[in-house]
Amino acid sequence: MTNTLHRFGDANSFRDDYVVFAIASRGRNDEDSVPKLKKFLQMAREFHPVNLGDARHGGALRPSRSMNPLSHWKREITPDFDAVIAGLDTTTTAAAVFDNRPAAEDFVKAVKAADLGLSINISTSIDGAEQCCHAADLCRHSVGYSLGFEGKTEHLPNEDVLKLATMCGHGMVSASLAKKMIDWVKEGRRTPEQAVTYLTRFCSCGVFNPTRGKRILEESRTRTK
Amino acid sequence: MKINSDKCVACGNCTYVCPMGAIYIDSGIKRATVNVTECVECYACYNGLSQEHLNPVMVRTMRKAFQWLRLRFDPEPDVCPTAAFEPDPLSWPRVVRRAFSDPRVPHESTGVEGRGTEEVKTNDISGRVRVGEVGFTIEFGRPGVGVWFRDMQKMCAALAKAGVSFEKKNPVTSLMSDVATGTIREDILNEKVLSAIVEIKVPVERTEEIIRLVWAVEKQIDTVVAIGVGTRCDEEGEDHVVGPILERLGYKLERAKTNIGLGRITNQNIERTLAEVAPK
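Protein chains in written order, with my numbering: chain A, -12 to 212; chain B, -13 to 266.
Just chain A, same shape as in the assembly:
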């Protein structure tokens, strides 16, 4: 999904960011794809992802349609992976996000062995994806390079905000909210762990990486520019 392609940052900033996703092609392998997509997500669980998602229903942290006022003092911040798996009910894109390469490599090996027949893509640094393929004894079939942002870039926010906001490539994590969370962490009003859960809930396909988000918030706490 293109929404994971144009994450802002250099290759090193993707050291804890590995998105592996499964997609069916319309008219080619989309029949009976739901159980395969579910299996993809179930398999991912064993490798300790930091997020799971389906593009139709959302990720492992979701907003509530009927929030209890008392929950302000005890917000649920534990990702609910089971809900993602159970909720997948239509052909869509299923994604698993890992914060370390060994987990991504092991998952890719397992997906290869499962032979689901779905197209599988890895979205991370170019080198990181190559390493995952190498570990699973796979050759890259195709590659889609991100050339970054250009055009009227004066409209873009600063680097830390951009790193956070582009983790939902659909643009559901607004730059204003990302900036607000950076400010709140600086002020000590919220911890990076708390702040990142607010951002994660806005990502409607579950590819936001809370580990990377937390690191960016932590790093931006002491940054002066």
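Keep in mind the hints are simulated off the structure, nothing from the lab. Treat each hint with caution, since some may be false.
Said to hold, decoys possible - Pairs of lysine to aspartate or glutamate residues, derived as EDC-like cross-links and limited to a Cα-Cα distance of at most 20 Å, are as follows: (1) Lys99/A / Glu222/B; (2) Lys61/A / Glu195/B; (3) Lys23/A / Asp76/A; (4) Lys147/B / Glu222/B; (5) Lys139/A / Glu204/B; (6) Lys155/B / Glu18/A; (7) Lys61/A / Asp164/B; (8) Lys140/B / Asp208/B; (9) Lys154/B / Asp17/A; (10) Lys166/A / Glu204/B; (11) Lys166/A / Asp60/B; (12) Lys173/A / Glu62/B; (13) Lys61/A / Glu62/B; (14) Lys140/B / Asp164/B; (15) Lys187/B / Glu119/B; (16) Lys155/B / Asp114/A; (17) Lys99/A / Glu117/A; (18) Lys139/A / Glu38/B; (19) Lys238/B / Glu137/A; (20) Lys173/A / Glu72/B; (21) Lys23/A / Asp86/A; (22) Lys187/B / Asp225/B; (23) Lys205/B / Asp114/A; (24) Lys238/B / Glu195/B; (25) Lys139/A / Glu24/B; (26) Lys50/B / Glu62/B; (27) Lys61/A / Asp76/A; (28) Lys238/B / Glu117/A; (29) Lys238/B / Asp114/A; (30) Lys99/A / Asp(-3)/A; (31) Lys155/B / Glu204/B; (32) Lys154/B / Asp164/B; (33) Lys238/B / Asp(-3)/A; (34) Lys99/A / Glu172/B; (35) Lys140/B / Glu137/A; (36) Lys139/A / Asp137/B; (37) Lys238/B / Glu146/A; (38) Lys205/B / Glu141/A; (39) Lys173/A / Glu137/A; (40) Lys96/A / Glu195/B.
With the hints as your guide, set chain B onto chain A.
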């Protein structure tokens, strides 16, 4: 999208979560208000904010009391305390905004959510980009800037003039009234969306020419552009062709999505699809 002014308590949470910055507190009526021209119907406010169903009068009274006492009210930033957002029924052409901006809505033209494109994500079975070809995804508007179709048309027209082939299974292509000239339907030119992707394919020899063309046209468009370049790897899984061209043009290649080639055709009705995929 509209905000029910009877329910809104002007807490301001929604002003931060709108990706387009299209929500503000109207000082005259003291309620959150949507700038309808700039709203792209992405539903980030409606879908992304958790909703409480508190009594608006009670919340307004409490907020006034806190304000009078100079106490900082510190609510959760991702909550609409009174569930004040109410989706508007959308009709043509405004409904196009939602189709391109709300990632949960699949595009009718492709059946794919988000921006509705498969690109090289399914290249292992679609054969969309073959050896010797380059697939471009030219994306406008993200993050958080948005794009008008009238601006996108400038790029489409320039690409069409250059004789490129637009991807048929792409939502922008499906809204062209004349693909040969890259002309987008007139009735949607004044619609704004969060982002949209124009997809084209050219022989690899034209890679540099196309990028230089995009560079020239993007200067005339008041938004940001993100280019994705898709290519088929060789038998060893390497790309010794396109990557070097991009680096020669000054791009530092940091991130990519990599199709690892595990897809296969499994649908029962494969005769038509095989014919579609077979190399010409």
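Tested hints:
no., hint, verdict
1, Lys99/A / Glu222/B, "holds, 17 Å"
2, Lys61/A / Glu195/B, "violated, 56 Å"
3, Lys23/A / Asp76/A, "holds, 11 Å"
4, Lys147/B / Glu222/B, "violated, 36 Å"
5, Lys139/A / Glu204/B, "holds, 8 Å"
6, Lys155/B / Glu18/A, "holds, 19 Å"
7, Lys61/A / Asp164/B, "violated, 56 Å"
8, Lys140/B / Asp208/B, "holds, 11 Å"
9, Lys154/B / Asp17/A, "holds, 19 Å"
10, Lys166/A / Glu204/B, "violated, 27 Å"
11, Lys166/A / Asp60/B, "holds, 17 Å"
12, Lys173/A / Glu62/B, "holds, 17 Å"
13, Lys61/A / Glu62/B, "holds, 11 Å"
14, Lys140/B / Asp164/B, "holds, 14 Å"
15, Lys187/B / Glu119/B, "holds, 7 Å"
16, Lys155/B / Asp114/A, "violated, 30 Å"
17, Lys99/A / Glu117/A, "holds, 15 Å"
18, Lys139/A / Glu38/B, "violated, 39 Å"
19, Lys238/B / Glu137/A, "holds, 13 Å"
20, Lys173/A / Glu72/B, "violated, 34 Å"
21, Lys23/A / Asp86/A, "violated, 24 Å"
22, Lys187/B / Asp225/B, "holds, 17 Å"
23, Lys205/B / Asp114/A, "violated, 32 Å"
24, Lys238/B / Glu195/B, "holds, 18 Å"
25, Lys139/A / Glu24/B, "holds, 18 Å"
26, Lys50/B / Glu62/B, "holds, 18 Å"
27, Lys61/A / Asp76/A, "violated, 30 Å"
28, Lys238/B / Glu117/A, "holds, 17 Å"
29, Lys238/B / Asp114/A, "holds, 13 Å"
30, Lys99/A / Asp(-3)/A, "violated, 28 Å"
31, Lys155/B / Glu204/B, "violated, 24 Å"
32, Lys154/B / Asp164/B, "holds, 12 Å"
33, Lys238/B / Asp(-3)/A, "holds, 9 Å"
34, Lys99/A / Glu172/B, "violated, 47 Å"
35, Lys140/B / Glu137/A, "holds, 16 Å"
36, Lys139/A / Asp137/B, "holds, 13 Å"
37, Lys238/B / Glu146/A, "holds, 17 Å"
38, Lys205/B / Glu141/A, "holds, 12 Å"
39, Lys173/A / Glu137/A, "violated, 30 Å"
40, Lys96/A / Glu195/B, "violated, 39 Å"
Hints 2, 4, 7, 10, 16, 18, 20, 21, 23, 27, 30, 31, 34, 39, 40 from the list above are not met by this structure, while the remaining hints are.
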